[in-house]
Each structure stands twice: as structure tokens, then as C-alpha cells.
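*Asks:* Assemble the whole structure, with the sequences as input and the hints as a guide.
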Amino acid sequence: MYPIVLLSVLGIVTLFLGFSKSKNILLPAVLLFLAIALAGNFFEWNKGPLLYFYDMFRVDNLTLAFNGIILASAFMIVAISGGFQDNAEAEPAEYYALMLFSLVGAIMMVGFEHLIMLFIGVEILSVAMYVLTGSNKRNLRSNEAALKYFLMGAFATGIMLFGMTLLYGATGSFELNDIQAFVSTTQQAAPSYILYAGLLLLLIGMLFKVSAAPFHFWTPDVYEGAPTIFTTFMSTIVKTAGFAALYRLLSHSFTGVYGFWWLVIAVIAILTLLVGNIGATTQNSFKRMMAYSGISHAGYLLIALTALSKPTQNAIVFYSLAYSLSTIAAFGILMLVSKQRTFEGQPDERYDAFNGLAKENPFLAFVLTVAMLSLAGIPLTAGFWGKFMVFSSAAERGIIWVPAIAVLMSTVGIYYYFRVIIASYLKEGDIAEIRVAPFYKIVLILATVLTIVFGLAPGLLEGIF
Amino acid sequence: MLTLLLILLPIVAGVITLLVGANLAKQVALVGALAELGLALFVWSQFDPAAGVQFGFKYHWLASAGISFAGGLDGISLVLVLLTAFLTPLIILSTFNHTYKNSAAFYSLILFMSAALVGVFTATDAFLFYLFFEAALIPVYFLAAVWGGENRLKVTFKFFIYTMFGSLFMLVALIYLYYQTPGTHTSEITAFYNLQLTAKAQGFIFWAFFVAFAIKMPLFPFHTWQPDTYTEAPTPATMLLSGIMLKMGVYGLIRLLLPIVPLGLQSYGMLAVILSVIGIIYGSIIAIQQRDMKRLIAYSSFAHVGLMAAGVFAASTNGLQGAMIQMLAHGINVVGLFFVIDIILSRTKTRSLDQLGGITQVAPQLSVYFLIILLGSVALPLTNGFVGEFLLLSSVFAFNGWLGAIAGLTIILGSVYMLRLFQMSMFGPKSKWVEGFQDLTFSEKAVLLPLVIMVLWIGIYPNTFLSISEPAVNNLLQFVGK
Chain U
171 MYPIVLLSVL GIVTLFLGFS KSKNILLPAV LLFLAIALAG NFFEWNKGPL LYFYDMFRVD
231 NLTLAFNGII LASAFMIVAI SGGFQDNAEA EPAEYYALML FSLVGAIMMV GFEHLIMLFI
291 GVEILSVAMY VLTGSNKRNL RSNEAALKYF LMGAFATGIM LFGMTLLYGA TGSFELNDIQ
351 AFVSTTQQAA PSYILYAGLL LLLIGMLFKV SAAPFHFWTP DVYEGAPTIF TTFMSTIVKT
411 AGFAALYRLL SHSFTGVYGF WWLVIAVIAI LTLLVGNIGA TTQNSFKRMM AYSGISHAGY
471 LLIALTALSK PTQNAIVFYS LAYSLSTIAA FGILMLVSKQ RTFEGQPDER YDAFNGLAKE
531 NPFLAFVLTV AMLSLAGIPL TAGFWGKFMV FSSAAERGII WVPAIAVLMS TVGIYYYFRV
591 IIASYLKEGD IAEIRVAPFY KIVLILATVL TIVFGLAPGL LEGIF
Chain Y
148 MLTLLLILLP IVAGVITLLV GANLAKQVAL VGALAELGLA LFVWSQFDPA AGVQFGFKYH
208 WLASAGISFA GGLDGISLVL VLLTAFLTPL IILSTFNHTY KNSAAFYSLI LFMSAALVGV
268 FTATDAFLFY LFFEAALIPV YFLAAVWGGE NRLKVTFKFF IYTMFGSLFM LVALIYLYYQ
328 TPGTHTSEIT AFYNLQLTAK AQGFIFWAFF VAFAIKMPLF PFHTWQPDTY TEAPTPATML
388 LSGIMLKMGV YGLIRLLLPI VPLGLQSYGM LAVILSVIGI IYGSIIAIQQ RDMKRLIAYS
448 SFAHVGLMAA GVFAASTNGL QGAMIQMLAH GINVVGLFFV IDIILSRTKT RSLDQLGGIT
508 QVAPQLSVYF LIILLGSVAL PLTNGFVGEF LLLSSVFAFN GWLGAIAGLT IILGSVYMLR
568 LFQMSMFGPK SKWVEGFQDL TFSEKAVLLP LVIMVLWIGI YPNTFLSISE PAVNNLLQFV
628 GK
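As you go down the protein sequences, you meet chains U and Y in turn.
Using the numbering used here, the letters of the first sequence map in sequence onto residues 171 to 635.
Using the numbering used here, the letters of the second sequence map in sequence onto residues 148 to 629.
Honestly, the hints are just simulated from the structure, not real lab data.
Here the structure is a predicted model, which is why all the values come from computation and not from measurement.
Take the hints with a grain of salt, since some may be wrong.
[As the list claims (entries may be wrong)] Ranges of calculated distance between the beta carbons of each label pair, as one might list FRET restraints: (1) Gly-330(Y) with Val-437(U): 53 to 61 Å; (2) Thr-451(U) with Gly-330(Y): 37 to 45 Å; (3) Ala-607(U) with Leu-596(Y): 50 to 58 Å; (4) Gly-568(U) with Leu-171(Y): 53 to 61 Å; (5) Ala-593(Y) with Arg-605(U): 45 to 53 Å.
Glycine included, each C-beta is placed from N, C-alpha and C at the ideal position.
*Replies:* In C-alpha cells form, the structure reads like this:
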């Protein structure tokens with residue numbers, strides 16, 4: 171609960187800091203704020219479960235773990251944003267304030283006990299993201315992305331709200347506990363089709379947010395058009411929060427009708443994997459590839475959700491963590507590299523931008539390689555154990571055909587992730603040595619080291635929530 | 148504990164190699180590999196073949212899931228660990244006349260590779276096995292992709308995706324098996340042996356394993372990555388791939404496929420043997436047509452591994468023992484042959500049989516070493532190839548007379564392509580390419596001499612090695628017959 175209060179207040183403080191003449195103070199201040207929020211988050215560790223705001227918000231160790239991932243990712247992303255020093259048109263105070271506010275939304279999505287709380291969380295997160303997507307005001311692609319994201323996002327939220335009202339109509343409550351009670355008693359005796367319809371619509375709204383197929387069409391354009399730093403934010407934080415919310419919703423309230431929804435999610439998971447992986451192979455732009463790869467990772471996470479077995483919780487937490495670390499590292503490198511060259515008047519975001527990276531920048535190439543290996547799920551990286559846990563959760567439930575298809579798709583994944591490694595190590599290119607700011611370097615090292623440490627010792631996070 | 152040491156030693160040596168930099172990398176790597184050989188020999192001296200799994204280690208890894216970091220040695224593992232430890236220093240020594248750019252990375256990758264291979268051969272936990280199985284791929288991919296020939300990017304990419312594709316099926320099978328174990332689940336390989344699986348499930352698992360291992364070896368029709376990769380990779384990487392890495396596939400068949408899915412073997416064993424025999428004949432016939440020496444050996448290796456697989460699928464003591472001894476023999480021979488070709492290539496700048504000839508006149512010592520290793524590969528009695536092929540063929544013959552007869556053609560076809568190789572490169576009029584050909588240097592002899600000694604040792608007294616693996620093989624076969 172503390173991070174919600176802290177981030178709301180500190181977000182406003184950040185806005186006021188924007189008035190100060192010196193821009194240098196802003197970045198350290200925001201990092202400090204995030205550190206405070208992170209500490210505040212773990213202040214309630216092992217004290218839960220606690221309920222706040224008239225039982226609308228729940229704090230337990232699982233929520234805190236997800237919040238931890240979200241806040242730590244935000245910390246790393248802010249650290250590599252570098253205060254937007256190199257962009258004269260940027261409004262750093264506004265950006266940072268919006269980021270902090272959106273985190274409030276994300277945290278509400280993680281810990282909701284009441285559907286209205288979920289709705290408010292989704293809206294707070296999304297509205298901030300619409301603005302940040304379009305923050306590159308004079309860039310057409312950024313504007314297009316923001317508009318597209320906003321129109322489709324607003325529509326999805328509408329569908330979600332419709333689903334919630336139907337659920338209310340069926341069960342007479344927005345509370346997860348009440349819905350759970352209804353589902354496990356009345357629903358079993360006399361099935362209410364309004365409940366099914368409500369659940370489906372609610373799921374559609376949520377699946378849109380995590381960019382699952384067939385609700386993914388906005389993803390590549392928005393990811394590509396948004397400034398890379400906000401793409402990183404979107405692909406890590408929104409996704410983690412979205413899956414935390416989906417997991418809470420389904421595991422808490424709807425286990426009673428598992429037979430109804432598991433196949434829906436399974437089919438969507440397979441579709442998402444197909445769209446994400448096959449879509450990624452045809453891209454020339456690294457950034458678009460990462461958008462499709464983000465779709466495909468949503469597919470893997472959905473497999474864990476489909477199974478909803480004992481390892482699912484661990485799988486989702488671990489997978490989100492592994493995915494966030496690698497994504498931040500990958501986009502971090504892209505931001506450094508794309509500035510070096512231009513392609514058709516834009517910063518070069520194609521695969522070719524990485525050609526010959528290893529020659530003068532072995533450190534950056536290594537970080538990128540570890541990130542790609544982890545995303546591809548190669549052993550000894552965190553990503554492997556993420557996939558392993560996801561497949562395990564399906565196997566525990568006895569669903570083998572879903573991981574079998576997922577395995578085929580991860581082979582496809584190796585193809586496009588390795589194109590990046592090949593470009594940076596094995597292709598000729600002339601990238602001069604890139605100067606990396608200390609903050610930036612620490613984030614990259616941290617992401618890489620954690621990816622390898624969790625790859626060697628996946629048990630570290632075990633049994634803590 | 149000793150087993151863990153066997154895995155860690157090359158890793159430590161690899162890291163040190165990386166740290167000392169390019170000037171001393173070669174020497175440090177060689178010392179590291181020799182230390183590993185010394186340790187392996189010590190383990191051998193302490194080893195009791197009848198005592199089952201020894202020198203084990205076990206640490207919790209994912210404790211709640213019952214997955215542990217566990218390994219140990221039985222006879223089957225020890226033979227392959229010895230092979231790895233024996234070949235790695237020779238492979239490093241074989242590069243002493245070359246200079247590779249960025250050599251610290253080059254040699255440390257070789258050492259990391261050998262650590263992963265020892266890990267595969269000693270893991271007693273199924274997921275640890277999988278982990279090493281995949282991890283072995285990464286160093287060799289970079290060796291081939293960074294230091295390889297012209298077409299390396301495309302070829303190694305295909306190789307990587309192909310092999311990764313196969314092993315992911317194994318992962319799904321292993322996860323499935325894990326959830327079939329009773330109680331709180333365990334991923335010990337021996338626990339999988341005792342599962343009572345339905346015939347249908349065994350059929351699926353059989354094919355999941357088959358695809359994974361068949362791609363690695365490779366067996367027909369999963370071999371298309373192999374000739375290109377062997378040809379494009381730098382010779383040390385080719386030696387690692389053919390000498391040791393393909394044994395991972397055979398080892399996987401023996402360790403996982405046979406004892407876990409005996410019913411699957413009953414249903415599909417025949418088909419698997421037929422595919423293997425097709426591979427033998429197909430590989431041999433293509434090898435006869437080859438003009439590029441490296442490709443010729445690549446196809447011959449494909450043919451030989453087909454025979455090993457056929458023997459394993461026949462699932463008899465002779466078949467498994469034959470496969471064990473043939474893995475040793477093939478590893479030694481193929482490394483020797485690739486090294487000889489590398490010597491010829493580095494002196495004449497060509498690998499084409501059309502351009503070579505008359506090397507016996509200028510390099511008698513090379514010719515003698517070459518001939519002995521080549522005869523080992525042809526399976527002449529009293530060389531190492533004979534023992535393995537004899538046992539393997541007898542087991543295939545016992546499995547099915549017709550298939551045995553067809554597989555037996557390998558002896559004839561093998562001598563055709565091997566002797567043709569020798570004749571066209573070594574005999575005949577001296578070609579202009581071999582002008583100024585220098586005979587073996589000291590370091591080259593230091594590689595070839597141990598190989599030749601082993602060719603003769605295994606050929607004359609194979610029992611040294613057969614006796615290591617025999618109790619373990621018989622123990623394993625109990626599960627096949629259940």
C-alpha cells in the first residue's frame with residue numbers, strides 16, 4: 171500500500187521539481203523516489219495478507235513480489251533514460267511524473283480485490299502510457315502510435331467495463347471474494363451464462379493490454395512509434411502488471427469455472443505464440459522484432475495461466491522477472507546503438523544497426539547476447555528457467571499439446587534472436603566505441619548478472635511468497 | 148565429489164585462459180586439458196566397474212520441485228569421460244601450428260565445451276543432463292561461427308537451430324516424465340527407469356528422444372546440417388563435433404531412450420534400425436563420391452554413427468558394448484583423420500583429392516600415421532575399429548538377419564572410400580601442390596602418436612575398456628527387458 175501513497179505524492183513533487191532551473195537534480199531525485207517506493211513496498215513483507223481501502227486492495231507476498239519486479243524495472247528504466255539530456259524538446263519532469271503515476275496504476279492492478287480497483291488501475295496505467303507514447307511530439311510515427319494506442323485501448327477498456335457490469339449482474343458484487351463464492355456455489359448449481367459472457371469480455375479487455383493475439387494489432391506499430399525508453403516501459407511494466415492481474419482474477423475468483431475458460435486461454439496462447447514468433451521472423455527492424463517477441467512472450471505466460479497449477483504462480487513471477495531484465499538490457503543497447511547511425515532520416519533501428527558491434531564494444535555485445543539468449547530460452551540464463559517453469563505448469567495439469575507447440579515456436583524464436591547475435595559478432599560493420607554513462611553501465615551489468623545468476627540458481631526466488 | 152571436480156576443472160582452466168590473454172592462451176589451455184586428463188586417469192584408477200554409480204555429488208537446485216544438481220560416474224559414463232579427457236588436450240595441441248585471432252577466447256571455448264561434455268556424460272539428474280546437452284552447443288556454435296570458413300554464418304545457423312529444435316522435444320518429454328514420477332516428483336534419471344508408462348505414452352516419448360538424439364548424431368534423415376558444418380567449422384571445432392559431441396547422441400540413446408521406453412522400443416525399434424542402416428549405406432555411397440577430403444570424412448562419420456545407433460537399437464549386450472567401444476574408436480580415428488587432413492591442407496592449401504597425390508614420397512612419417520588411423524577406421528582386425536564393428540554387426544545380425552547383412556556392407560564400402568582417399572592423396576605421381584611438402588613436426592607427432600597407440604591398444608586388447616562398461620551395460624539392459 172505504501173508505494174501507492176508514496177508514488178502519488180512523489181509524482182506531484184516531481185512535477186514541481188520541473189520548475190527548478192537545474193535539470194540535473196531531476197534524475198537523481200526520481201531514482202531516489204523509486205528507491206523509497208521500493209523500500210516501502212518491502213516494508214510490508216511477510217506481514218500480509220492485509221486489506222486496504224475498504225477491502226478493495228490486498229497486500230500479500232505475491233503482490234509485493236510483482237510490485238518489486240515492477241518498481242525495480244522502473245528504476246532501471248529511469249536510470250537508463252539519462253534525464254533526457256540529449257533531447258532539447260523533452261519535458262523530463264512531465265515524463266517522470268507520468269511514469270510514477272502509471273506505476274500507481276500498475277500496482278493497483280497487481281493487488282486489486284475489487285473489480286473497480288482493477289478498472290481504475292488499468293485506466294491510470296493506460297492514460298499515462300497513451301501520453302508517453304506520443305511524447306515525441308514532432309514525430310509522425312510517435313503521434314500515429316499514440317492515436318492508435320489510445321483509440322484501440324479506449325475501446326478495449328470499454329469492453330472490459332462491459333464485462334465487469336455483466337459479472338456484477340450475474341453475481342451481484344464487484345468483490346473478488348463474492349464472485350468466487352458465487353462461482354463455487356450458485357454457478358455450479360445453475361450456470362449463469364451472463365457470468366460466462368462477462369468473464370469473456372473482461373478477459374478480452376485484459377488480453378488486449380498484454381497484447382495477446384488476436385488483440386495484438388496495435389503492438390508492433392505502437393512499440394515502434396513510441397520513443398524507445400517508453401517502449402521499454404510498456405513492454406516490461408504493462409505486461410507484468412497485466413499478467414499479475416490476470417493471474418489474480420483467474421486464480422482467485424474463477425477456478426470454479428476452470429473447465430469453461432481454460433481452453434479459451436489455451437487457444438489464445440497458441441495463437442499468440444504463432445503470431446508473435448512467425449511475425450518476428452519477417453521483420454527487418456529490431457524494434458518491431460522486439461514487439462513481436464513481446465507478443466510471443468505473452469503467449470508463453472498465457473500457457474502458465476491456462477494450466478493454473480501449482481507451479482503457475484512461480485512461473486509467472488519468474489518469467490516476468492527474466493523477461494523484464496532481458497528486455498531492458500536489449501532496448502538499452504538499442505538506444506545506444508541507434509544513435510550511431512541514421513537510416514532514412516530516422517535513428518537506425520534495424521538489425522543492421524548492430525553490425526560489427528562486438529569489435530569496438532565487446533561489453534555491449536556481450537550484454538546484448540546474454541539478453542537474446544535469455545529471451546530465446548537457452549540454458550544457463552534466467553529465460554530458460556522461465557520457459558521451463560511455464561512448460562512444467564502445463565505438464566502438471568496434464569496438458570502436453572500446448573507446450574509441444576510452444577517448443578516448436580521457441581525454435582522459431584532462436585532464429586530471430588540469433589540474427590541479432592550474428593549481426594553484432596559476425597557481420598562486418600563500423601561502429602565506433604560508444605561512451606556509456608556510469609548509471610547506464612550499472613543497469614546493463616545488473617540486468618546481465620541477474621540473468622546469469624537466476625540462470626544458474628533458479629531456486630533463489632523459490633518459496634518466498 | 149571427483150565427478151564435480153571433473154566438470155569444474157575445465158571451466159576454471161577456461162576462465163584462466165581467458166584472463167591470461169592471447170600470448171599464453173595455448174599453453175595454459177593445454178596445461179588445463181592435461182590436468183583434466185590426469186584427473187580422469189586418477190578417477191579411472193579408483194573406479195570399480197561393478198560398484199554402479201560412483202564419485203557422485205548432489206546439491207539441491209530447485210528444491211521444491213525435487214530437481215537437484217547431481218552427477219556421478221558409472222562404467223558407461225567413465226568410458227566417455229575418458230574419451231573427452233583424452234581428446235581435448237590433443238585437439239588443443241593440434242592447433243599449435245596455427246594462430247587464431249582472439250586466441251584466448253578460442254581456447255577457453257574449447258575448454259568450456261569439454262566441461263559441458265563431461266557434464267552430459269556424468270549427469271544423473273535428467274534436467275541437468277538436458278542443461279549440459281544444450282550448453283555444449285553454445286561454445287561449439289561460436290567456435291564454428293567465428294573462426295569458420297566462408298559460408299560459416301548460414302551453415303552454423305542451420306546447425307544451431309536444427310539441434311536446438313531436437314533437444315526441445317526432449318525437454319517436453321523429460322517434463323512429462325518428471326510429472327509421472329510418484330510422490331513429490333523427482334527428476335533422477337534412474338527414477339524414470341521404474342515408471343510404468345502406457346505403450347502410447349512410450350511411443351510419443353520414444354520419438355521425442357529419437358528426434359533429439361538423431362539430430363545430434365546425426366542419423367538419416369536428420370543429417371543435412373552435418374557435412375556442411377563439419378566442412379565449414381575450423382578443424383578443432385570439427386574434431387570436437389565429430390570426436391566427442393556426436394557421442395552425446397549415442398549416449399542419450401543408451402542412457403535415456405532404451406531404459407525409459409522399452410515398449411516404445413519394441414514398437415518402433417525396427418523402424419529406428421532401418422533408418423540407421425539406410426544411413427550407413429547412404430553415407431558410405433556419398434562418401435565414395437566425394438572429392439573434398441573433409442566432406443568425405445564427414446560422410447564416413449555419418450555412416451559409422453549409423454552403425455552405432457543400429458547396435459544400440461538392437462538392445463543387446465553385444466550391441467551396447469559394441470557401441471561403447473566403437474564410440475571410443477570412432478572418436479580417436481575421426482580426430483586423427485581430421486588432423487591429418489588439416490596438416491595436408493595447411494601445407495598444400497587444398498583439400499581436393501583431384502589436386503593431391505604422391506605425398507608418400509615426400510612425407511613418409513605422415514603416411515605411416517595416416518595409414519594406421521585409416522585402417523582403424525576401415526576396421527581391419529587388430530585395429531580399434533574392428534572390435535566395435537564386429538560386435539555391432541553381430542548384434543544387428545541377431546536382431547534381423549537381412550538388416551545385418553545390409554549393414555555388413557559397411558565393411559566393404561568403408562574400405563572403398565577410405566582406401567580411395569589414401570590412394571588419391573598419398574600415392575600416384577607427385578602433384579604440383581605437394582612440392583616442398585614438409586614431413587611431420589614435433590608437435591604434430593605428439594598428437595598423432597598417442598592416437599596411433601590407442602588405435603592399436605584398443606585393437607589388440609579391447610578388454611581394458613570393454614570391462615569398464617560391461618557391468619553398467621548389463622545393469623541397464625535389465626530395464627530394457629522388463
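*Asks:* Hint by hint, note whether the structure agrees.
*Replies:* Verification of the supplied hints:
no., hint, in the structure
1, Gly-330(Y) with Val-437(U): 53 to 61 Å, "violated (33 Å)"
2, Thr-451(U) with Gly-330(Y): 37 to 45 Å, "holds (43 Å)"
3, Ala-607(U) with Leu-596(Y): 50 to 58 Å, "holds (56 Å)"
4, Gly-568(U) with Leu-171(Y): 53 to 61 Å, "holds (55 Å)"
5, Ala-593(Y) with Arg-605(U): 45 to 53 Å, "holds (48 Å)"
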